Amino acid sequence: MKAFGRFWWDFLIGDDPKIAVSVLVVLVAGAIVVAATSGGWPAAAIAGALLTAFVAAVVLDVRHNR
Amino acid sequence: MSATWGLVGATFTASFVEFVEALTIVLAMGLTRGWRSTLAGVAAAAVALAAFTAVAGYAIATWVPRSALQLAIGTLLLIFGLQWLRKAVLRSAGLKSLHDEDEEFREQTRVAAAFADERRLGLDWLPFVVSFKGVFLEGAEVVFIVITFGLNANNVPAAAGAAAAAGVLVVLLGLLAHRPLARVPENTLKYAVGLVLATYGTFWSVEGLGIFRPGAASLAWPGGDWALLVLLAAWLLVSRALVALLPSPAPAAV
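Protein chains in written order, with this note's numbering: chain F, 1 to 66; chain P, 1 to 254.
Next comes chain F alone, as it looks inside the complex (with noise of 0.2 Å):
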């Protein structure tokens, strides 16, 4: 079971939670933005929120571990 629970972990934290935190970040403010406005432009902003939230992480991670 413990070995289950870690599986868990690593499969959705691994190494780094900041990856995690910041897709869970950006797709709440997109609840909020989508839920707010209507037609299909959203998704672009997103997706450009996702790709600047992972750019942040890994140079945080590389940053932090110099």
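Incorrect hints may have been included.
Listed below are several chain P residues computed to face chain F (Cβ distance under 7 Å; list not exhaustive) [claimed, not checked]:
{"hint": "1", "residue": "L49"}
{"hint": "2", "residue": "A50"}
{"hint": "3", "residue": "F52"}
{"hint": "4", "residue": "I79"}
{"hint": "5", "residue": "Q83"}
{"hint": "6", "residue": "R86"}
{"hint": "7", "residue": "V206"}
{"hint": "8", "residue": "L209"}
{"hint": "9", "residue": "L219"}
{"hint": "10", "residue": "W221"}
{"hint": "11", "residue": "L228"}
{"hint": "12", "residue": "L232"}
{"hint": "13", "residue": "L242"}
{"hint": "14", "residue": "V243"}
{"hint": "15", "residue": "S248"}
These are computed hints drawn from the structure, not numbers from a lab.
For clarity, every value in this text was computed on a predicted model and none was experimentally measured.
Quick reminder that beta carbons are idealized off the backbone N, C-alpha and C, glycines included.
We have chain F; now place chain P onto it with these hints.
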């Protein structure tokens, strides 16, 4: 048709990597502690996986609306894919050591040789437990990939067939080689799989945000399914830019 081949290719590649990792563990146990208990562990893991898949697949397909499914599965897939992509970027930039199946095989073999015999239910307990855990946990990742790709693309049989083909190929290669598949360019495969998982994860999680609109219909992407190609190009571009721009590791002191 092209969407089906994309689904098959993505599922096959991702599953192949997981099967190679499971095979490494099974070979290390089988060659050092004997095949009877090791294969008993593999069989027990296969039964446990079948039960897990039946329960998870039925629950997901029966009770969850499509946009909620896209949001939940897309989010999991995106986080999972970005973990792979992050590691691939760090490895390509020289900031993380390459994953080495030969090294993993040596480590598992050392562990297997160091433990004394402990027999339970007529089985050598160490190879039984280690092969069970290895096959179940790596297999659970394959099941997750098959369920997510299959349900979202409305083609579970194609996803399951691709994963099964990957499993058969890895077992055949393992039987021929009798050693871990160190020649498989696993790090390159993981980079490609990370890109594909991140692409589909982005596509589906954003589509699933439509659940927060009246009617709860999936959000439409500009360009429909063609947006997948744009997303793939964007993730590739961003990851290559990171590899090029991240600082190189300092040379080791002499």
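Going through the hints against the structure:
no., hint, verdict
1, L49, "violated, 12 Å"
2, A50, "violated, 16 Å"
3, F52, "violated, 10 Å"
4, I79, "holds, 5 Å"
5, Q83, "holds, 4 Å"
6, R86, "holds, 6 Å"
7, V206, "holds, 5 Å"
8, L209, "holds, 5 Å"
9, L219, "holds, 6 Å"
10, W221, "holds, 5 Å"
11, L228, "violated, 11 Å"
12, L232, "violated, 11 Å"
13, L242, "holds, 6 Å"
14, V243, "violated, 10 Å"
15, S248, "violated, 11 Å"
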